[in-house]
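Protein chains: 4
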Amino acid sequence: MQQSETAILLMHCADQAGIVTAVTSFIHENRGNIIYLDQHVDRDQDRFFMRIEFDYDQFIIPKKKLHDYFNTLVATRYQMSFELHFSSHTPRMAVFVSKMSHCLYDILYRMESGEWKVEIPVIVGNHPQLEKIAKRFDIPFEYVPITKETKEEAEAKQLELMEKYNVDFIVLARYMQIITPKFLEKFPLKIINIHHSFLPAFVGAKPYHAAHNRGVKLIGATSHYVTEDLDAGPIIEQDIAKISHADEVKDLIRKGKDVEKIVLSRAIWYHINHKLLAFQNRTVIFE
Amino acid sequence: MQQSETAILLMHCADQAGIVTAVTSFIHENRGNIIYLDQHVDRDQDRFFMRIEFDYDQFIIPKKKLHDYFNTLVATRYQMSFELHFSSHTPRMAVFVSKMSHCLYDILYRMESGEWKVEIPVIVGNHPQLEKIAKRFDIPFEYVPITKETKEEAEAKQLELMEKYNVDFIVLARYMQIITPKFLEKFPLKIINIHHSFLPAFVGAKPYHAAHNRGVKLIGATSHYVTEDLDAGPIIEQDIAKISHADEVKDLIRKGKDVEKIVLSRAIWYHINHKLLAFQNRTVIFE
Amino acid sequence: MQQSETAILLMHCADQAGIVTAVTSFIHENRGNIIYLDQHVDRDQDRFFMRIEFDYDQFIIPKKKLHDYFNTLVATRYQMSFELHFSSHTPRMAVFVSKMSHCLYDILYRMESGEWKVEIPVIVGNHPQLEKIAKRFDIPFEYVPITKETKEEAEAKQLELMEKYNVDFIVLARYMQIITPKFLEKFPLKIINIHHSFLPAFVGAKPYHAAHNRGVKLIGATSHYVTEDLDAGPIIEQDIAKISHADEVKDLIRKGKDVEKIVLSRAIWYHINHKLLAFQNRTVIFE
Amino acid sequence: MQQSETAILLMHCADQAGIVTAVTSFIHENRGNIIYLDQHVDRDQDRFFMRIEFDYDQFIIPKKKLHDYFNTLVATRYQMSFELHFSSHTPRMAVFVSKMSHCLYDILYRMESGEWKVEIPVIVGNHPQLEKIAKRFDIPFEYVPITKETKEEAEAKQLELMEKYNVDFIVLARYMQIITPKFLEKFPLKIINIHHSFLPAFVGAKPYHAAHNRGVKLIGATSHYVTEDLDAGPIIEQDIAKISHADEVKDLIRKGKDVEKIVLSRAIWYHINHKLLAFQNRTVIFE
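Chains as they are written, first to last, in full-length UniProt numbering: chain U, 1 to 287; chain H, 1 to 287; chain C, 1 to 287; chain A, 1 to 287.
One thing to keep in mind: the hints can contain errors.
As the list claims (entries may be wrong) - One side only, chain H facing chain C, incomplete, derived with CB under 10 Å:
{"id": "1", "residue": "C13"}
{"id": "2", "residue": "Y105"}
{"id": "3", "residue": "E112"}
{"id": "4", "residue": "E115"}
{"id": "5", "residue": "V118"}
{"id": "6", "residue": "K151"}
{"id": "7", "residue": "A246"}
{"id": "8", "residue": "R254"}
{"id": "9", "residue": "K257"}
{"id": "10", "residue": "I262"}
{"id": "11", "residue": "R266"}
Stated by the list, open to error - Calculated lysine to aspartate or glutamate pairs in the EDC-like style (CA-CA distance at most 20 Å, straight line):
{"id": "12", "chain 1": "H", "residue 1": "K182", "chain 2": "H", "residue 2": "E152"}
{"id": "13", "chain 1": "C", "residue 1": "K242", "chain 2": "U", "residue 2": "E29"}
{"id": "14", "chain 1": "U", "residue 1": "K64", "chain 2": "U", "residue 2": "E112"}
{"id": "15", "chain 1": "A", "residue 1": "K250", "chain 2": "U", "residue 2": "E112"}
Unchecked claim - So the derived label-pair ranges between C-beta atoms look like this:
{"id": "16", "chain 1": "U", "residue 1": "A17", "chain 2": "C", "residue 2": "K157", "range": "55 to 61 Å"}
{"id": "17", "chain 1": "H", "residue 1": "Q45", "chain 2": "A", "residue 2": "L84", "range": "53 to 59 Å"}
{"id": "18", "chain 1": "U", "residue 1": "A246", "chain 2": "H", "residue 2": "Y165", "range": "32 to 38 Å"}
{"id": "19", "chain 1": "A", "residue 1": "L84", "chain 2": "U", "residue 2": "A246", "range": "19 to 25 Å"}
{"id": "20", "chain 1": "A", "residue 1": "A232", "chain 2": "U", "residue 2": "T147", "range": "54 to 60 Å"}
{"id": "21", "chain 1": "C", "residue 1": "A205", "chain 2": "A", "residue 2": "K242", "range": "58 to 64 Å"}
{"id": "22", "chain 1": "A", "residue 1": "L84", "chain 2": "U", "residue 2": "D251", "range": "20 to 26 Å"}
{"id": "23", "chain 1": "A", "residue 1": "D229", "chain 2": "H", "residue 2": "R77", "range": "54 to 60 Å"}
{"id": "24", "chain 1": "U", "residue 1": "E287", "chain 2": "H", "residue 2": "R77", "range": "27 to 33 Å"}
{"id": "25", "chain 1": "U", "residue 1": "D46", "chain 2": "A", "residue 2": "R136", "range": "32 to 38 Å"}
Please keep in mind that the hints were generated in silico from the structure rather than gathered at the bench.
Note that beta-carbon positions come from the ideal geometry of N, C-alpha and C, so glycine has one too.
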């Protein structure tokens with residue numbers, strides 16, 4: 001079955017009367033058929049969020065002009081922030097790794113099997129160990145080692161790579177490095193990390209050791225957009241696994257990996273499908 | 001804080017272009033401010049579902065006339081089924097019980113503490129054991145014993161009670177009796193049952209014994225609207241608990257109760273707040 | 001069915017060869033039939049933990065002398081800490097409350113229905129609101145108001161009550177007061193609290209507000225023994241509920257209550273049935 | 001750190017006094033140090049189960065003779081069934097596949113990363129699609145197509161392969177074929193399957209379609225030992241994922257895969273580590 005082209009609008013603005021009508025009328029009058037409409041109002045912040053997906057086949061505004069038209073006719077009027085995506089564009093995702101392979105395999109399998117509509121033009125590693133996996137999937141592997149001294153130049157190199165491979169967004173698949181603000185400003189809300197704890201518990205290094213020391217009865221993982229504050233960016237997804245007194249740190253690590261990979265992959269799924277919006281320190285997920 | 005009056009429209013119809021716009025325009029043009037809009041299209045059945053809640057304070061159509069106006073101006077045009085509710089009406093819920101108290105207490109606590117906006121005008125028992133609980137909460141308890149022979153007349157008695165107490169909907173809180181079609185037709189999609197298994201597994205009597213025999217590793221509970229087919233009505237909510245080989249039937253019963261009461265109470269919450277629609281054998285939950 | 005008397009031994013000591021044999025031989029040779037034996041070795045701490053339950057009916061050592069005999073013949077030899085309980089003793093549990101009733105009802109229902117073999121001789125409240133609930137269950141309610149200034153004398157009063165009612169252990173059922181060391185030393189590892197977050201996240205006051213601010217995707221609850229460090233005692237049980245961006249603080253509070261009461265009640269179940277041991281800052285649960 | 005050799009005894013027999021003492025004494029007296037002892041008594045069936053793992057380094061009975069000695073001195077006396085395993089033996093696992101890769105990748109990653117101590121000498125496919133994955137991991141792929149007509153000879157070929165590759169046990173990683181009794185009798189309780197539903201719901205083909213039709217609110221997966229009755233063998237592990245009305249069949253399939261692979265891998269973990277015993281239609285898991 002050939003898939004029709006659809007357009008996806010993600011928007012948020014101060015809450016005010018008539019927005020839904022304005023947006024749906026705009027689409028309806030221009031011969032778009034709405035497939036999904038999800039709306040959310042955050043009462044605390046008085047903020048309106050909406051995701052709307054519509055069939056583009058009969059739409060009378062050309063694709064190239066839609067951003068401009070929507071901006072002029074709707075967004076400006078309501079002081080909206082918005083994103084526009086078309087289903088025909090396949091996002092290009094770079095994966096950054098260190099030595100652990102569980103998240104990487106989970107990502108590669110989903111791409112290869114067609115579960116995700118995504119391209120992975122490059123895998124970047126600060127260690128060479130996972131190059132063999134990249135090779136198996138015929139994906140270029142770029143080895144960019146990092147030390148305290150070389151961090152700046154390593155990130156410059158990485159940014160060059162992002163440009164060379166025309167990357168839309170980045171996934172840190174248990175990439176154990178802090179990203180500097182300089183790098184972040186090139187990919188605002190476009191870098192997804194997986195942290196191996198249910199944040200905000202156990203921020204920072206070695207969360208499983210900390211969890212074991214505290215004697216918790218569950219461990220977790222958190223996927224979030226990376227911002228300047230370590231492990232404090234907008235949370236996209238979290239999940240946990242039950243553990244018991246019998247679990248040693250090595251068991252937490254083993255059980256935690258299963259949570260990490262699933263929680264990271266769910267976040268990537270939302271991002272690829274334009275099903276989330278981040279505002280302030282929160283995400284709205286349109287499931 | 002005084003709560004404003006809101007109106008809630010629940011609707012479904014064959015999917016077609018322009019419905020969202022038609023409904024939101026109707027509300028907007030008559031000075032309603034939309035607070036929540038949740039929409040769902042079932043692609044398999046080509047069916048459109050929507051829940052819309054709006055501030056009524058400035059609305060120009062009188063409350064008594066809204067059903068008629070919406071029906072004429074919108075619903076008929078789109079061959080819609082719809083329900084209209086006002087937040088100022090407190091639903092009246094009858095609770096049917098047998099001997100077990102866990103669901104009943106969970107319900108009573110939520111009513112008493114104000115977690116639910118609901119009235120419980122009557123508790124009906126086919127056994128007298130729980131009368132003392134009803135008394136503690138100053139709720140009339142009607143003892144209607146049932147045997148095979150007296151079923152018909154017992155149900156007639158129950159229907160009288162429903163009328164006397166002006167009941168909107170009924171909750172079967174581990175009421176271990178089958179409801180006949182004659183009774184059901186008076187309360188279509190207005191009787192909520194809790195079944196102590198993750199349906200469709202373990203339909204019928206003694207599901208925990210069956211679960212134990214089968215050696216499953218999880219048990220569950222299912223809340224659903226009661227229809228003529230036993231344990232086959234539209235499912236509202238399900239959840240499970242993990243168990244192990246060490247759990248005997250009595251442990252399954254104990255652990256299961258915790259799932260049952262929560263799963264039943266979530267279903268009641270959706271119903272009270274007009275957050276669900278049943279169509280064919282499925283429910284749409286607007287959370 | 002009449003239940004036989006069983007004895008339960010809970011013990012821990014430095015790990016060493018032959019402990020299991022020594023204990024099981026002691027029981028076997030004195031005509032005890034072991035019903036449950038659960039053993040755990042913590043490799044990090046090189047610590048051995050065991051729970052053993054055995055039929056006492058044919059046991060040749062009189063109940064009154066068992067503590068002494070076991071101490072002399074086994075425990076001293078292995079430098080063991082141990083507890084001895086008999087199934088015929090029904091533990092006496094005080095419940096401390098403030099204004100919220102969800103945990104209290106959950107506790108009372110389990111006692112009343114016979115799910116728990118426990119006596120509740122007294123409910124203590126620092127507010128008078130829940131007295132009516134105590135009355136319904138014919139349990140004495142002791143109102144002990146507390147202010148900063150009267151804390152010391154209030155706790156003295158509470159301790160008197162504990163003595164008067166012959167209390168074995170205490171449950172803080174959303175009792176929103178800090179317990180001072182002076183009180184704690186009278187009930188070491190005998191006070192169970194429920195904290196409304198997945199600790200160690202959101203220690204202290206208003207965890208649901210903090211959770212909402214952080215934008216987490218799950219909320220939780222933690223039952224733990226109370227120690228001098230606030231919210232830092234040995235964790236007994238934890239669980240979580242998934243939430244979404246659509247949940248406001250009031251929804252977190254509502255959904256959280258369901259987790260709190262279940263997590264607290266599970267902890268009480270373990271304690272009543274002598275299924276847990278706390279050592280350092282961890283608990284071993286023999287499920 | 002070099003790992004010491006340990007021996008693992010899995011045993012079950014009719015419950016009777018003195019078994020634990022007999023077994024622990026046997027080990028203790030022969031200079032074995034017990035590392036893990038897990039015991040379970042099934043009261044319904046009056047059956048005793050135990051897993052015991054002990055350091056073999058100082059043990060005075062040679063490895064080759066242990067089976068015989070234990071049989072003579074302990075097992076026969078108590079009419080025990082037992083298995084003996086040594087930690088130095090790495091189990092050899094064949095993986096049977098059809099066209100779907102999610103379970104296969106999950107298995108291969110765990111082997112490659114060292115999470116599992118297992119060898120995979122061969123992957124068998126009734127379709128050729130996954131051969132490329134086998135090649136990437138340098139594992140022989142044997143393509144054995146099956147039709148109704150060729151089933152008998154195909155299974156004969158498979159059995160030859162099992163012998164050739166010296167296979168200890170078999171995993172059906174979404175291998176969509178029924179195994180005949182003839183094949184099964186060669187691998188009793190040594191074939192692990194993953195079924196894509198929470199059994200006993202949705203036995204047989206297309207469980208996700210059936211789940212969608214029934215309108216359930218959760219989907220699941222079940223790993224079990226394969227026996228002659230379709231989808232009715234002893235269950236090893238089950239888990240579920242919450243779904244909503246918005247999930248179409250393709251979403252159930254997508255979300256279900258994540259549950260399937262984790263549930264299958266947990267079962268394999270227990271099997272590899274000799275942490276489970278099947279008796280009648282149940283499994284005892286020593287976690």
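Hint check results:
1. Here the hint on C13 (chain H) is broken, as its CB sits about 25 Å from the closest CB of chain C, past 10 Å.
2. Given the 10 Å rule on beta carbons, the hint for Y105 (chain H) holds: about 4 Å separates it from the nearest Cβ of chain C.
3. The closest approach between the C-beta of E112 (chain H) and any C-beta of chain C is roughly 7 Å, which is under the 10 Å cut-off, so the hint is satisfied.
4. The criterion of a C-beta within 10 Å of any C-beta in chain C is met by E115 (chain H), whose closest approach is roughly 6 Å, and the hint holds.
5. The restraint placing V118 (chain H) at the interface with chain C is violated, with a minimum CB-CB distance near 14 Å, outside the 10 Å limit.
6. Against a cut-off of 10 Å between C-beta atoms, the interface hint on K151 (chain H) is violated, since the closest Cβ of chain C lies about 28 Å away.
7. The closest approach between the C-beta of A246 (chain H) and any C-beta of chain C is roughly 7 Å, which is under the 10 Å cut-off, so the hint is satisfied.
8. Residue-level restraint check for R254 (chain H) holds (minimum Cβ-Cβ distance to chain C is 6 Å; threshold 10 Å).
9. Evaluation of the K257 (chain H) hint against chain C yields a held restraint, the C-beta minimum of about 8 Å falling below 10 Å.
10. Against a cut-off of 10 Å between C-beta atoms, the interface hint on I262 (chain H) holds, since the closest Cβ of chain C lies about 6 Å away.
11. The interface hint given for R266 (chain H) is met, as the beta carbon of that residue sits about 8 Å from the closest beta carbon of chain C, less than 10 Å.
12. Of the pairs offered as hints, the one joining K182 (chain H) and E152 (chain H) holds, with about 9 Å between alpha carbons and a cut-off of 20 Å not exceeded.
13. Straight-line distance between C-alpha atoms of K242 (chain C) and E29 (chain U) comes to about 39 Å, which puts the hinted pair past the 20 Å bound.
14. For a cut-off of 20 Å, the pair hint linking K64 (chain U) to E112 (chain U) is broken: about 30 Å separates their Cα positions.
15. This hinted pair checks out: K250 (chain A) and E112 (chain U) have alpha carbons roughly 17 Å apart, not beyond 20 Å.
16. Between A17 (chain U) and K157 (chain C) the beta carbons are some 57 Å apart, a value that agrees with the proposed interval 55 to 61 Å.
17. Taking the beta carbon of each, Q45 (chain H) and L84 (chain A) are about 58 Å apart, inside 53 to 59 Å as hinted.
18. The hinted range of 32 to 38 Å is not satisfied by A246 (chain U) and Y165 (chain H), whose Cβ atoms lie roughly 53 Å apart.
19. Distance hint check: the CB atoms of L84 (chain A) and A246 (chain U) are about 23 Å apart, consistent with the given range 19 to 25 Å.
20. For A232 (chain A) and T147 (chain U), the hinted distance range of 54 to 60 Å is satisfied, since their beta carbons lie about 58 Å from each other.
21. Evaluation of the 58 to 64 Å hint for A205 (chain C) and K242 (chain A) yields a failure: the beta carbon distance comes to about 31 Å.
22. One distance hint, 20 to 26 Å for the beta-carbon pair L84 (chain A) and D251 (chain U), holds here, with the actual separation near 24 Å.
23. For the hinted restraint 54 to 60 Å between D229 (chain A) and R77 (chain H), the CB-CB distance of approximately 55 Å keeps it satisfied.
24. A C-beta distance of roughly 31 Å is found between E287 (chain U) and R77 (chain H), which places it inside the suggested range of 27 to 33 Å.
25. A beta carbon spacing of about 53 Å between D46 (chain U) and R136 (chain A) contradicts the range 32 to 38 Å that was offered as a hint.
In summary, the structure is inconsistent with hints 1, 5, 6, 13, 14, 18, 21 and 25 from the numbered list given earlier, while agreeing with the others.
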